[in-house]
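Numbering (the working numbering), first residue to last: 1 to 363.
Think of the hints as simulated: they come from the structure by calculation, not from any bench.
Be a bit skeptical, because a hint or two may be false.
Simulated restraints, written as ranges between beta carbons of each label pair [stated by the list, open to error]: (1) ARG2 x PRO334: 20 to 30 Å; (2) LYS38 x GLY221: 36 to 46 Å; (3) ALA52 x THR3: 14 to 24 Å; (4) LEU352 x ARG7: 18 to 28 Å; (5) ILE178 x ALA147: 32 to 42 Å; (6) LYS38 x ARG7: 42 to 52 Å; (7) GLU133 x ARG323: 24 to 34 Å; (8) GLY287 x LYS68: 39 to 49 Å.
Below, computed lysine-lysine pairings styled on DSS-like, alpha-carbon distance capped at 27 Å [what the hints assert, rightly or not]: (9) LYS68 x LYS161; (10) LYS310 x LYS161; (11) LYS68 x LYS38; (12) LYS38 x LYS161; (13) LYS68 x LYS310.
Computed from a predicted model, the values in this text were never measured in an experiment.
Cβ atoms here follow ideal geometry from the backbone N, Cα and C, with glycine treated the same way.
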Amino acid sequence: MRTLMWRRDWDGNSMEQATFRRGEDGIEIAGTVLLAEKGIPLRVEYRVQCDAGWNTRRIEVSQDFQGKTRSLTLLHDGAGNWRLNGAAAPDLAGCTDIDLGVSPSTNALPVNRLRPAIGATGEIRAAWVRFPELTVTAAPQAYDRLAERRYRYRNLDSDFKAVLEVDEDGFPVQYEGIWTRIADGAPARGLTHALAGALFSPGPSPELGEAAKAFDWVIGGWRAEVFDYGQDGTVRTGHGEWWFSWALEGRAIQDIWIAPPRGGRETGDLPVRDRYSTTLRWLDGDGETWRILWLNPVTGVLNRLQGRMKDGRIVLEGEEYGRPARWSFNDITPDSFVWRGESQQEDGNWRLDAEFRLRRMVG
Numbered sequence: 001m002r003t004l005m006w007r008r009d010w011d012g013n014s015m016e017q018a019t020f021r022r023g024e025d026g027i028e029i030a031g032t033v034l035l036a037e038k039g040i041p042l043r044v045e046y047r048v049q050c051d052a053g054w055n056t057r058r059i060e061v062s063q064d065f066q067g068k069t070r071s072l073t074l075l076h077d078g079a080g081n082w083r084l085n086g087a088a089a090p091d092l093a094g095c096t097d098i099d100l101g102v103s104p105s106t107n108a109l110p111v112n113r114l115r116p117a118i119g120a121t122g123e124i125r126a127a128w129v130r131f132p133e134l135t136v137t138a139a140p141q142a143y144d145r146l147a148e149r150r151y152r153y154r155n156l157d158s159d160f161k162a163v164l165e166v167d168e169d170g171f172p173v174q175y176e177g178i179w180t181r182i183a184d185g186a187p188a189r190g191l192t193h194a195l196a197g198a199l200f201s202p203g204p205s206p207e208l209g210e211a212a213k214a215f216d217w218v219i220g221g222w223r224a225e226v227f228d229y230g231q232d233g234t235v236r237t238g239h240g241e242w243w244f245s246w247a248l249e250g251r252a253i254q255d256i257w258i259a260p261p262r263g264g265r266e267t268g269d270l271p272v273r274d275r276y277s278t279t280l281r282w283l284d285g286d287g288e289t290w291r292i293l294w295l296n297p298v299t300g301v302l303n304r305l306q307g308r309m310k311d312g313r314i315v316l317e318g319e320e321y322g323r324p325a326r327w328s329f330n331d332i333t334p335d336s337f338v339w340r341g342e343s344q345q346e347d348g349n350w351r352l353d354a355e356f357r358l359r360r361m362v363g
């Protein structure tokens with residue numbers, strides 16, 4: 001496993017860090033690109049998975065730009081057929097490789113897959129992802145092998161060309177006039193980062209289709225005003241934080257709910273109920289119902305609920321402490337929502353136990 005870092009030459013202010021891993025299951029390149037796009041911050045995270053022969057199979061991309069997070073997933077069957085976000089992509093038919101327009105790392109795919117003889121040329125059609133548009137088009141390209149580790153890249157739809165100096169793994173050391181590699185070494189990441197990379201995903205799996213929209217809007221970080229309502233009519237108020245991410249190859253959403261927030265936990269002053277909990281949400285086989293598993297190790301409570309989006313509101317029902325419980329997402333906007341936790345009383349009425357008023361911080 002290697003970690004590589006490049007600096008973009010023409011502005012000197014844009015960087016990429018990528019990790020390259022080769023295993024029995026194939027090849028993975030995962031990276032983060034930070035760019036100054038006409039003075040506007042652009043962050044791109046990606047993961048490219050190939051088989052052992054460097055044939056592109058799966059790509060996940062997430063982009064943060066101008067206050068919005070967008071993502072895409074591409075699947076390739078190895079025979080030139082592609083799916084974009086779960087739908088067939090006939091415009092990409094015949095493409096063999098992925099080309100991320102903001103990254104030098106994906107040049108290693110055709111370099112390693114083709115390996116033409118010195119003096120020979122390999123031609124391909126690449127699925128070219130453009131940023132910040134986040135569009136994908138087919139792009140005919142050529143790689144002329146000039147020397148053992150030197151190639152000339154040519155875009156056959158334009159007059160663009162550049163010489164690539166590559167290393168033993170085919171990754172650019174110098175991408176003429178565009179990128180220069182400035183660091184190379186063992187991955188600077190421990191178990192925590194490795195686990196996060198395996199668990200979290202930049203977007204939903206194409207398998208979810210339109211059903212992903214029920215919760216896709218919640219991805220990111222939220223700041224909360226917390227209200228806990230006691231049986232005796234008292235109200236405890238405080239603050240919290242809530243973080244959501246796609247996980248498990250985008251087949252589920254995992255969140256972390258913290259109240260009081262991390263900055264206020266060290267004092268030991270808990271104005272609201274102590275919560276440091278996590279939820280896993282996944283889509284049931286009917287394509288509409290979401291199942292929820294919530295664990296709060298602080299109290300030992302484990303809840304199972306289920307529900308769906310209806311009329312712009314998400315209602316999830318199950319049990320808590322042996323009584324019917326209801327959680328709901330209300331008043332949903334792109335940057336705010338109200339979460340309510342209710343329990344059913346012996347008389348059949350619903351009692352409001354907690355209310356969280358959320359404002360977006362990240363995402």
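Going through the hints against the structure:
1. Checked against the given bound of 20 to 30 Å, the beta carbons of ARG2 and PRO334, roughly 39 Å apart, lie outside it.
2. Against the hinted window of 36 to 46 Å, the Cβ-Cβ separation of LYS38 and GLY221 comes to about 26 Å, which falls outside the hint.
3. A beta carbon spacing of about 21 Å between ALA52 and THR3 agrees with the range 14 to 24 Å that was offered as a hint.
4. Here the CB-CB span from LEU352 to ARG7 is close to 54 Å, at odds with the stated 18 to 28 Å.
5. About 19 Å separates the C-beta atoms of ILE178 and ALA147, a value inconsistent with the hinted range of 32 to 42 Å.
6. Hint check: LYS38 to ARG7, Cβ distance near 18 Å, so the stated range 42 to 52 Å is violated.
7. For GLU133 and ARG323, the Cβ-Cβ distance of about 51 Å falls outside the hinted range of 24 to 34 Å, so the restraint is violated.
8. Against the hinted window of 39 to 49 Å, the Cβ-Cβ separation of GLY287 and LYS68 comes to about 27 Å, which falls outside the hint.
9. This hinted pair does not check out: LYS68 and LYS161 have alpha carbons roughly 33 Å apart, beyond 27 Å.
10. For a cut-off of 27 Å, the pair hint linking LYS310 to LYS161 is broken: about 52 Å separates their Cα positions.
11. Restraint check for LYS68 and LYS38: the C-alpha separation of about 17 Å stays at or below 27 Å, so the hint holds.
12. Using a Cα cut-off of 27 Å, the hinted pair LYS38 and LYS161 holds, with the two alpha carbons roughly 23 Å apart.
13. With a C-alpha separation of about 25 Å, the suggested pairing of LYS68 with LYS310 holds against the 27 Å cut-off.
Hints 1, 2, 4, 5, 6, 7, 8, 9, 10 from the earlier list are contradicted by this structure; the remaining hints agree with it.
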